[in-house]
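Q: Listed below, chain by chain, are the residues.
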Amino acid sequence: MANLNIDSAKERTYDAIVIGSGISGGWAAKELTDKGLKVIMLERGRDVKHNVDYPTTNMYPWEFKHRGQIPQEIQDANPVVSRCYAFREDAQHFFVKDQEHPYVQTKPFDWIRGYQVGGKSLLWARQTQRWSNFDFEGPARDGYAVDWPIRYDDIAPWYSHVEKFAGISGNKDGLAELPDGEFLPGFPLNAVEDYFSKHVKTNYKNRHVISARCAHLSTPNQIHIDQGRVQCQRRNLCQRGCPFGGYFSSNASTIPWALKSGNLTLRPFSVVESIIYDEKQGKATGVRIVDTNTKQTEEYFAKIIFVNAACLNTNLILLNSKSNRFPNGLGNDSGVLGKYIAFHNYSAHIGAEVEGFEEWATDGRNPAGGGYIPRFRNVYKQETDFLRGYACGLGAYRGYKHEGEGFGEAFKAGLSSKDYGPWYVGSHMMGETIPKASNFVALDAAKKDAWGVPLLDISVDYDDNDQKMQKDYVEQLTEMFTSAGFKNIKAETNHQAPGLDIHEMGGVRMGNDPKTSMLNKWNQLHTCKNVFVTDGASMTSTSCQNPSLTYMALTARAVDHAVSELKKGNV
Amino acid sequence: MPYCTPGKPTVHYTHFDVNLEQQNLVAALAETIIPKTTSPGAIDLGLDKFVWLMLDDCTKKSDQDAFFKGLGEFNDLVKKTYNKSFSDCTKDEKAAVLNNFQNKPDQKKADPAEDKYSKELRGFYGRIHWLTVFGYTESKYFMTKEIVWELVPGRYNAYFPVKNLKASKNG
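Those protein sequences? They're chains A and B, same order as listed. Counting from 4, one number per residue, gives the positions in the first sequence under my numbering. Counting from 50, one number per residue, gives the positions in the second sequence under my numbering.
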């Protein structure tokens, strides 16, 4: 029997464990297996194989029973996920329904989750903008959170590394606040977006409207063909999973790549209960999982562990990894774990009508979604009564003209008209939020899920800085739209809960000082050096760029360091 | 099991039953909004059944209740005016009834009391109209024969000259 157990433990021992298969977990697996390590990737949900498990990907609109709408009973039972723009009939199977995985909302928080292989990388909005030093230096300059332990130069080569493989489309815009990357050809701005871009360039100092940079293969390179991916077909049905691999997802890119190496074992249906800490060795030795089908507990062992469970679940796993050495959660001597959760402020948008440009329309679909306005507030110096700033999405659209009301033969014929209506232009804000100790997650003292893991209790809210920033966005964009000659400008603010931005970050933040941070500059737990956290949980501040590209780069950088340390015998 | 009373076949949905008179009214209204011409109309395309499906599956209980209240008022209104059901009205009579629900300021209203229509009555017409048009423009017929919806466009032209618009597919 003893031998059997030893053999069994041996079979469950790998060089590295990756917890989670989403955008950062996929990168961890790819980089680790590329370097020859034997890796097991643990995913709490089911497998989703590229192409095989995209059931709706080639369906026409009329083939959906409710033409895309989610039935009322599903909405009533799952109000949180129903507020997500992408939770529709074509992609609902990739979202966690509220009822399936409850959590505690001490303050309202719309926690949008994708529990399957690939995680939310199947569903993301694919916007990929680099951070600059204005972002990494932000906390130190403006006196919030803690200083980032890295600067742009530390991560720049890793941005390049992941961009080349993932495939990022964009233009070299030459902006200090939004560094250029390794780009495939960008998607062009349309007539109105282009006009607005030129108008802003001429009339505003340090404000720019550029083509949004996105993780689509506008024109693939050999490295993308080698992944089995081909050119993006401009379908804009990405949330269904793309049969062309036209956009970057773990499913289309990093996971099949890692599997092809022969070094990756993928284990779906594996909820990680905790990370096992060995006091004698002074490091983590493995993880304890619950098989969601059998409800059996199993342990897996490895020299290094990458935690990529997605921001809040990464917090949950560390909080639940209690030992004599770490009674308050793994690596949590400082008490910082779970605190300084932040997100992006998406609480306002603006729309307007555009006169003119009748000679132009668009044909086909733009996967980039249109334009992007990098942060222009407080970039070079503090200039407003709020800290930091916001980026803006910017898109113009023109559709066929038809009457909303009426009936009968003429009305019916009008619906088939291919005469174009007027142009419309719209924008939404993406604001940085300030991490605070009072925005935190914790384990619920009593409630547990079906696998005996405590439920996460979320206490995250907006603050005064967010309100001021929202007001400024409305004022600035209204002024810019007015100056551009747009008409009937309507700004709207919403009261959406934090979380619906799906950019939750922090709780396991990086920093120089173990007393005020969890991770060092290599995303390594200060006090448990063989555990790496490289998803959104590791973020010291949020900036306002869409964060996934930065998670990818941090992950590849951390893997490089981890493997180097492993070879030196330091972890 | 669905049951039928002679002359009054009722269709059982999850949240309500629909009698023959109600079925006929919704079918006649949908057909008045999207009539059969040289191309298929609402009934050909099953849009009346689509209205009921969406009312059953994708509509709040309070809105379902309001719909049936509005439907009853619509029925009463037509019977009071023409002494027959909407589906038995002539094309001109149907048009006159629907004109009362148009919001355009210059629209002539046949019914001098139209400004007294209840919220439910207007809501009933609004919902039928929206669902009929939605069902029509998202029907296979419309998306393959009228304004073609492409599964794989394969292109994005940011500057598409409008003079080429007849060659255009969709945005």
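Hint data in this document are derived by calculation from the structure and do not stem from the laboratory. Being a predicted model, the structure only gives us computed values, none of them experimental. Among these hints, one or two may not hold up.
[What the hints assert, rightly or not] Derived DMTMM-like pairs (lysine to aspartate or glutamate); straight-line CA-CA distance at most 25 Å: (1) A:167 / A:183; (2) B:110 / A:79; (3) B:212 / A:422; (4) A:404 / A:422; (5) A:68 / A:18; (6) B:194 / A:412; (7) B:109 / A:66; (8) B:110 / A:140; (9) B:85 / A:140; (10) B:158 / A:412; (11) B:85 / A:412; (12) A:404 / B:155; (13) A:306 / A:79; (14) A:384 / A:140; (15) A:68 / B:199; (16) B:118 / A:76; (17) B:157 / A:101; (18) A:298 / A:140; (19) B:165 / A:408; (20) A:404 / B:187.
Q: It remains to establish, for every hint, whether it holds in the given structure.
A: For each hint, the structure was consulted:
1. Distance hint between residue 167 of chain A and residue 183 of chain A is fulfilled; the C-alpha atoms sit about 13 Å from each other, no more than 25 Å.
2. Between residue 110 of chain B and residue 79 of chain A, the direct Cα distance comes to roughly 11 Å. Compliance with the 25 Å bound is thereby established for this hinted pair.
3. Only pairs whose Cα atoms come within 25 Å are accepted, and residue 212 of chain B paired with residue 422 of chain A is accepted, the gap being roughly 10 Å.
4. For the given pair, residue 404 of chain A sits about 6 Å from residue 422 of chain A by alpha-carbon distance, which is consistent with the 25 Å threshold.
5. Under the criterion of a C-alpha separation no larger than 25 Å, the hint pairing residue 68 of chain A with residue 18 of chain A is inconsistent with the structure, at around 47 Å.
6. Taking the CA atoms of residue 194 of chain B and residue 412 of chain A, the gap is near 17 Å; set against the 25 Å cutoff, the hint holds.
7. Restraint check: the Cα-Cα separation between residue 109 of chain B and residue 66 of chain A comes to about 23 Å, which is no more than 25 Å; the hinted pair holds.
8. Taking the CA atoms of residue 110 of chain B and residue 140 of chain A, the gap is about 53 Å. The hint is violated against a cut of 25 Å.
9. Annotation: proposed proximity of residue 85 of chain B to residue 140 of chain A is violated, straight-line Cα distance about 66 Å (limit 25 Å).
10. Taking the CA atoms of residue 158 of chain B and residue 412 of chain A, the gap is about 19 Å. The hint holds against a cut of 25 Å.
11. Simply put, residue 85 of chain B and residue 412 of chain A have alpha-carbon atoms about 8 Å apart, close enough for the 25 Å limit, and the pair holds.
12. The straight-line distance between the Cα atoms of residue 404 of chain A and residue 155 of chain B is roughly 21 Å, inside the 25 Å bound, and the hint therefore holds.
13. Restraint check for residue 306 of chain A and residue 79 of chain A: not satisfied, since their Cα atoms lie roughly 46 Å apart, outside the 25 Å limit.
14. Of the pairs offered as hints, the one joining residue 384 of chain A and residue 140 of chain A holds, with about 12 Å between alpha carbons and a cut-off of 25 Å not exceeded.
15. The suggested pairing of residue 68 of chain A with residue 199 of chain B holds, with an alpha-carbon distance near 19 Å, which does not exceed 25 Å.
16. Taking the CA atoms of residue 118 of chain B and residue 76 of chain A, the gap is about 22 Å. The hint holds against a cut of 25 Å.
17. The hinted pair formed by residue 157 of chain B and residue 101 of chain A fails the criterion: a straight-line CA distance of about 50 Å is larger than 25 Å.
18. Among the hinted pairs, residue 298 of chain A with residue 140 of chain A is inconsistent with the structure: their alpha-carbon atoms are about 46 Å apart, more than 25 Å.
19. Between residue 165 of chain B and residue 408 of chain A the alpha-carbon distance is near 20 Å, which keeps this suggested pair within the 25 Å criterion.
20. Taken as a hint, the residue 404 of chain A and residue 187 of chain B pair is honoured in the structure, with Cα atoms around 16 Å apart against an allowance of 25 Å.
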